Amino acid sequence: MHAGGRIAGWLERHAAPLLDLAVRLAMAPIFFRSGLQKIGDWPSTLFLFQEEYRVPVLPADIAALLATATELTMPVLLVLGLATRLAALPLLAMAMVIQFVLGAQNPAFNNPQHYFWMLLLAGLVVRGGGRLSLDHWIHRKGGGL
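Okay, so the sequence shown: first residue is 20 according to this note's numbering, each after it adds one.
It is possible that some hints are incorrect.
Unchecked claim - Here are the in silico distance ranges between beta carbons for each label pair: (1) Phe66 x His33: 45 to 53 Å; (2) Arg159 x Gln69: 46 to 54 Å; (3) Leu153 x Val76: 30 to 38 Å; (4) Arg73 x Ala45: 26 to 34 Å.
It is worth saying that the hints were derived from the structure and are not from the lab.
In this text, all values refer to a predicted model and were calculated from it rather than measured experimentally.
Heads up, the beta-carbon is just placed ideally off N, CA and C, and yes, glycines get one too.
Please put together the full structure from these sequences, using the hints given.
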């Protein structure tokens, strides 16, 4: 094997698991903090979903409840690396709604940072939690997720 192949193999074995973990740990607090803010002042959250965060199809109170529950549960799964793909998917959907639905209605929600979030979350959906995750441990024990 040539040097490039050895380096790539080393990176895949040692650096990729750390990168997967870093992405999970970077994305989780962004959404978790948002969920804590929502639950910390529920009347304001309901008002915002009625007036600012108007999501098509869902009534404001249901949208607020789903968004808050998602933001408080999915990040915990990301940190653990448990059901990582499943946890990243609704967060990716939320980032897309923020950027493309709310951003289309109000330029204040149009933020290039959301594209970065989408890229990282899409990577988790595609790659999973990596070797430093409960998903990997469960899969190795024969329980596959």
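Against the structure, the hints come out as follows:
no., hint, verdict
1, Phe66 x His33: 45 to 53 Å, "holds, 49 Å"
2, Arg159 x Gln69: 46 to 54 Å, "holds, 47 Å"
3, Leu153 x Val76: 30 to 38 Å, "holds, 33 Å"
4, Arg73 x Ala45: 26 to 34 Å, "holds, 29 Å"
Going through the hint list in order, the structure satisfies each hint without exception.
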